[in-house]
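Undergrad: Chains as they are written, first to last, in numbering that gives the first Met the number 0: chain A, 0 to 396; chain B, 0 to 396; chain C, 0 to 396; chain D, 0 to 396.
These are calculated hints, taken from the structure and not from any lab test.
There may be inaccurate statements among the hints.
Claimed, not checked - Straight-line distance between alpha carbons at most 16 Å, and here's what the computed EDC-like set of lysine to aspartate or glutamate pairs gives:
| # | chain 1 | residue 1 | chain 2 | residue 2 |
| --- | --- | --- | --- | --- |
| 1 | A | Lys278 | D | Glu387 |
| 2 | A | Lys278 | B | Asp138 |
| 3 | B | Lys128 | B | Glu173 |
| 4 | D | Lys278 | C | Asp138 |
| 5 | D | Lys394 | A | Asp275 |
| 6 | B | Lys278 | C | Asp228 |
| 7 | A | Lys149 | A | Asp138 |
| 8 | C | Lys154 | C | Asp275 |
| 9 | C | Lys278 | B | Glu387 |
| 10 | D | Lys128 | D | Glu15 |
| 11 | B | Lys149 | B | Asp230 |
| 12 | C | Lys394 | B | Asp275 |
| 13 | A | Lys394 | D | Asp275 |
| 14 | C | Lys149 | C | Asp228 |
| 15 | B | Lys278 | A | Asp138 |
| 16 | B | Lys149 | B | Glu240 |
| 17 | B | Lys394 | C | Asp275 |
| 18 | C | Lys278 | D | Glu51 |
| 19 | D | Lys278 | A | Glu387 |
| 20 | D | Lys128 | D | Glu68 |
| 21 | A | Lys128 | A | Glu58 |
| 22 | B | Lys32 | B | Glu15 |
Predicted, not measured: the structure shown is a model, and the values here were computed from it.
Protein chains: 4
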Amino acid sequence: MNVSTNAMAALAGSPEQSELARHVADTMAALTKIYDRGYFLTCWREQRFEAELWSRMGELGLFSVGVPEEQGGMGGGLAGMVQVLDGLSSAGLPTMLYSLTCFSRTPILRHGTPEQIERFVKPTMSGEKKIAFAITEPDAGTNTFRIATKATPHKGGWRLNGAKVFTSAANHAELMMVIARTRPYTPGASRREGISVFVIDTNHPGVQMTPLNIELYSPEQQFQVFFNDVDVGPEALIGPEGQGMETMFDALNPERLLSAVLCIGVGDFALAKTIDYVKQRAPFGRPIGAYQGVQHPMARAKAHLDAARLMTYYSAHAFDAGGNVAATANMAKYLGAQASVEAVDAAIQFHGGYGFDADYDVITLWPIVRLFKVAPLNDEMILNYIGEHVLGLPKSY
Amino acid sequence: MNVSTNAMAALAGSPEQSELARHVADTMAALTKIYDRGYFLTCWREQRFEAELWSRMGELGLFSVGVPEEQGGMGGGLAGMVQVLDGLSSAGLPTMLYSLTCFSRTPILRHGTPEQIERFVKPTMSGEKKIAFAITEPDAGTNTFRIATKATPHKGGWRLNGAKVFTSAANHAELMMVIARTRPYTPGASRREGISVFVIDTNHPGVQMTPLNIELYSPEQQFQVFFNDVDVGPEALIGPEGQGMETMFDALNPERLLSAVLCIGVGDFALAKTIDYVKQRAPFGRPIGAYQGVQHPMARAKAHLDAARLMTYYSAHAFDAGGNVAATANMAKYLGAQASVEAVDAAIQFHGGYGFDADYDVITLWPIVRLFKVAPLNDEMILNYIGEHVLGLPKSY
Amino acid sequence: MNVSTNAMAALAGSPEQSELARHVADTMAALTKIYDRGYFLTCWREQRFEAELWSRMGELGLFSVGVPEEQGGMGGGLAGMVQVLDGLSSAGLPTMLYSLTCFSRTPILRHGTPEQIERFVKPTMSGEKKIAFAITEPDAGTNTFRIATKATPHKGGWRLNGAKVFTSAANHAELMMVIARTRPYTPGASRREGISVFVIDTNHPGVQMTPLNIELYSPEQQFQVFFNDVDVGPEALIGPEGQGMETMFDALNPERLLSAVLCIGVGDFALAKTIDYVKQRAPFGRPIGAYQGVQHPMARAKAHLDAARLMTYYSAHAFDAGGNVAATANMAKYLGAQASVEAVDAAIQFHGGYGFDADYDVITLWPIVRLFKVAPLNDEMILNYIGEHVLGLPKSY
Amino acid sequence: MNVSTNAMAALAGSPEQSELARHVADTMAALTKIYDRGYFLTCWREQRFEAELWSRMGELGLFSVGVPEEQGGMGGGLAGMVQVLDGLSSAGLPTMLYSLTCFSRTPILRHGTPEQIERFVKPTMSGEKKIAFAITEPDAGTNTFRIATKATPHKGGWRLNGAKVFTSAANHAELMMVIARTRPYTPGASRREGISVFVIDTNHPGVQMTPLNIELYSPEQQFQVFFNDVDVGPEALIGPEGQGMETMFDALNPERLLSAVLCIGVGDFALAKTIDYVKQRAPFGRPIGAYQGVQHPMARAKAHLDAARLMTYYSAHAFDAGGNVAATANMAKYLGAQASVEAVDAAIQFHGGYGFDADYDVITLWPIVRLFKVAPLNDEMILNYIGEHVLGLPKSY
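Start from the sequences and build out the full structure, keeping to the hints where you can.
TA: As structure tokens, then:
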């Protein structure tokens, strides 16, 4: 029903990659028969980590997809991780922690020392450790350059102080990538100077977290995170001090693509569920799925989902090939969130009143896709990006 | 900020009506300073009826707005009730029970005997009693003609058996208007034959109710209601037996208009809240409300809200003047739900991540407006109505 | 099929007005049976003025609708003129010259001397004279304050020099209202100071005009107009010198409302034509009008047209009652243009390839409605107006 | 500015293909500097074939792109032809005749005999001959199975009789592919039985054509074509008699993809033109391109164009690899037409009144993109296809 496997094959570029793509597709299909939407909702209701799923994914080697073979992984790049997440979310398991861990480890693989890869990436390949990502701050919002969390040199390492907000799954992660300033922003200097990227342990006593009142019907919650004299060693700094923009964007572009496919998957899951419903619901005798007023919005959503999916896989492959994917990764996230909201909205509409009953598990799909129109980067900032950097128009803000 | 008071004045048609409109506007403004959104949310959190608000509305005579002066009311018609609800919901109190009581008593005023008015309407004028409305059934959905709840003659009165779903606020209401069949649907006969309208006591032992798992962030919940040998007297039947279509539509058209204004009010409340936010939020130095990417969607939503509001008031006046308002009442509900979803969606988007945090009370405005695209009649059925009955196109379903 | 007559009756406010509304409705219905869409297209093809229609309208007294009885007219105000134009455009005759003449004479009626009314308005009541309106300039665009056409005192009167663009029907009009500066814009002074309103004869030797290459499938073309030492007497100045903003807006607000109804009428004409087509077109055996994919877009367009129409009539009545209608007149124009483009777009789509064949007269309806999303004020400026003046947001441009 | 070259490289699958893609990109860029939009408009004004462009394309070997090397071509497949047309239309030359010739020769390459390839395809590789495509009939519309044009055996060959409509560029083409029935549709039999594909000479005396009144601002007009005893030899039949569905769809799927890219290119051309304009237009002092009300709609259109383009290239490669591309080719055409209408609509809107002046060449871009929402297959039929064949919903028409 979707273009992902074909797209992978067409885009893969080498027989080995094609073969891995097929292997991942098969594995995910089998896995999500066991750990399905019901399992995900159980974990949500019990507000607990999806430990069994995670454990099984580790056994199946799925966490080593995306880690180069020379570093002990199965290869497959970002495209491979996108495909794994597509498998999860298309089955109704939009697992943010998988996304977070994958995009956070990407800059470590690209910019880290062998020791840092050993320390921070290796444990993610078994599933033993997960990585949260702390970037957004209350006052800075989408303006990353204004962040105030600071890291100052301390006993050969660093001391972090500050606060972050909208940090997903912080309580389930053992590690946390933190964007901080190692030099304050000084007027006149480039705003980009002074940004650095760290990885810390979440169980450090100086790290505290408070859940936000955000209901995503997901086992993963959102947190405010506070850093009070979080002292870390020198190995916590990934890439060069104060020049962390490139490092950071090697997390942010994968984040956009993994976010895109997380949405798109949920969109397809919502459509599949609705297809079942509208084929049997028939208050006037004919299944409502035979009415174009029902069928056309679903078909439109499907076309938009597939277009967004293709843009996502294409960008992931381009990222793996070393390309600059800022434009298409932003577009993919924008289109993916849009299309999945469209799909879930159709699902709600065509389930009628039942669309609002959480027991029917339709309304429960909405917040997590709608969120991605504001996170990790809101639609407006993406349009600003395209306007300025793709179309060459003057800055508007 | 909105056209309601002006619209009332322009549409009122007589100085007396204009004066009442101004009185209602002033009263509502003062009332909702005391019983505000915070009060509404408190009642929601405590899952209790808005008793203090209700009591004060009774003291202020607001429940007698809409009841003709010759029946002891203040007059003002449906338009007056629409205005009262506009005042409530524009202040963040989308009180479905007010809507339910008002539209349910309208057919009693039009088709009931003096005794029925005394018995069922009078107690609503003091606020002593509220009326729920039970029409939708699981299998029939939007096809009212297929309802299976039946009322059979029993000891000079009627015995009701059946089940309803999506009955709002059933637990807070003392009375319930029930649409039932007094004659089974027989092929060949008009589908309309056999529909009758009843009013029963909700504390009758044969009435049972189960809440649905629908979260509207409202003190009023949704219920499944079961009728098991609910025996009532002959006075429970409103209007002629088996010919209840006209009676029923004198509830349904007001329901559409009160639903419309309930949405529209929430839309304006959401905009007002967002205006405050975007005037101070300034991650890049300038308030985001000064960006057209933020300002234009809000302006568009406002234009759509005001157009829907005007259609609503216009239809209410036309209803009061005895006109057939089926077309414009349907349009008003359709446009009102659409515009309010647009407004609340903008509110969510421009609050960024906070738009999803229930403590910020933005996401909490979404379900109740989104619901009105499927209830009381879904958008698709409204478009079918317009297609067939306004445009004269062939039936499509 | 539309709400106009009912809306007029409901909004009219007095029995006399209601009666006039009915008279106008009847007259227009009869008139457009004779002078119909075919007549309009003939005038377009021959690129000539609709002289026979105009002459008949004069005989029927239709040009005196909107002129107060004390000035020899039939009364009915702007609402009456809106209704006349609704009658024309709903029949497929979107006659801009009627709109231009009506909104241009309105500020003369409000701000002119008795002599000016005698000289400029009276001849429009018989149909003997028409008035064009020259405001937009190439560099100023929507920024009226930047206009450079100037009027300087000359021999007790005024001498005009400058150039205008997008002046409709200039070649068919005997008179032209011209917005000019009598004082240059000086930094520091209010931008509004120095604007004045004139009426001149189009056959003045200093007036030259060049048609633009704009195809609206209308007898009325667009022109660039040049003023070279156009000397006029003191009576050419309407209202106070240099304080012409209020005068000007008594033309601009009616212009928005007449533009709105011109669009809306064409939208209804397009729907009516499409209804006929989709009821008989049946490539798969069933009329395509029975498919919701065809029926729903038409029904949506109809709801939007009627909401825009109601906003238009409401604003016209409010204008006649002396109200400030800037907000709702802008909304009405915005919504009217939007809805009519939606209707004509549906008409094109559902006529398939024939929708593009000018002989089928569907594509020919598009430019004139689409134009009203940029004229007389573009959508973006209207949203800016609502944002700033209705919502109270900061200026965005 | 667009993803095409990158997409080609990523999707190409072999170094040879990548190299050809780069060669085509360079060649097209150079070619359209000489034969540019001005040239295209000149041909349109003079209503003549783009002979010089065609001749130069032949010299450059561009017509042999898409013909396999073993048949004397340069290879590159449908993807190559898509890229050539992208180059043309992105430069403002939406040359339908290139599209028509390319998709019409595709089934000949796949199903024709060596003699037929020699006779019908070879002359297209030099540019000596062009092929028109005659399928749609007045009564059948989108229901191809209802076509009435018939071919009956005649003297060892065939005799064609019937009529077609909306046949593009018929007067400029030397050859014409004609879909005809060799067996009448008989109730009970499969509707697909009896369809056959022919290629005839347009200068056959039995072929007559009448132009339709459709203005696309293109050198290529639309025609009604009549076949009166058009006698042809046995070599005119491509593929098996009466089983022509597969043959036909090897034209129709390429047609959808070439149509998609024709639109998308024009969309990009419109955006590029508008970018230039909004960077200098500044009625309020700041370029209007710096306002988000202008910038965001253009950015959205760009995202949609690129997504549609990616879907188009992806499907073309899949077609070349022997895949079944019906679903994604339909989606690509749907998305491409949608996105290009969005882009051209933005271009019109942001040029203000000038957007309607043909001399500014903006309005002139609209009909050709808008047409592709109804042709070659209308949006509604595409949504029906996706609904039924991708989502598995019941047939709705």
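Undergrad: For every hint, state whether the structure bears it out.
TA: Comparing the hints with the structure gives:
1. A:Lys278 x D:Glu387: holds (11 Å)
2. A:Lys278 x B:Asp138: holds (15 Å)
3. B:Lys128 x B:Glu173: holds (6 Å)
4. D:Lys278 x C:Asp138: Roughly 15 Å separates the two Cα atoms, so the pair holds.
5. D:Lys394 x A:Asp275: Cα-Cα ~15 Å, so holds.
6. B:Lys278 x C:Asp228: Roughly 49 Å separates the two Cα atoms, so the pair is violated.
7. A:Lys149 x A:Asp138: Given pair Lys149 (chain A), Asp138 (chain A) holds - Cα atoms ~15 Å apart, limit 16 Å.
8. C:Lys154 x C:Asp275: violated (62 Å)
9. C:Lys278 x B:Glu387: holds (11 Å)
10. D:Lys128 x D:Glu15: Given that 16 Å is the threshold and the Cα spacing comes to 28 Å, the pair is violated.
11. B:Lys149 x B:Asp230: holds (12 Å)
12. C:Lys394 x B:Asp275: holds (15 Å)
13. A:Lys394 x D:Asp275: Status holds; Cα separation ~15 Å.
14. C:Lys149 x C:Asp228: Given that 16 Å is the threshold and the Cα spacing comes to 10 Å, the pair holds.
15. B:Lys278 x A:Asp138: holds (15 Å)
16. B:Lys149 x B:Glu240: With a Cα-Cα distance of about 12 Å, the restraint between Lys149 (chain B) and Glu240 (chain B) holds, given a limit of 16 Å.
17. B:Lys394 x C:Asp275: holds (15 Å)
18. C:Lys278 x D:Glu51: violated (47 Å)
19. D:Lys278 x A:Glu387: holds (11 Å)
20. D:Lys128 x D:Glu68: At roughly 20 Å apart (the allowed maximum being 16 Å), Glu68 (chain D) and Lys128 (chain D) break the hint.
21. A:Lys128 x A:Glu58: Judged against 16 Å, a Cα distance of about 14 Å means the pair holds.
22. B:Lys32 x B:Glu15: Given pair Lys32 (chain B), Glu15 (chain B) is violated - Cα atoms ~26 Å apart, limit 16 Å.
In summary, the structure is inconsistent with hints 6, 8, 10, 18, 20, 22 from the numbered list given earlier, while agreeing with the others.
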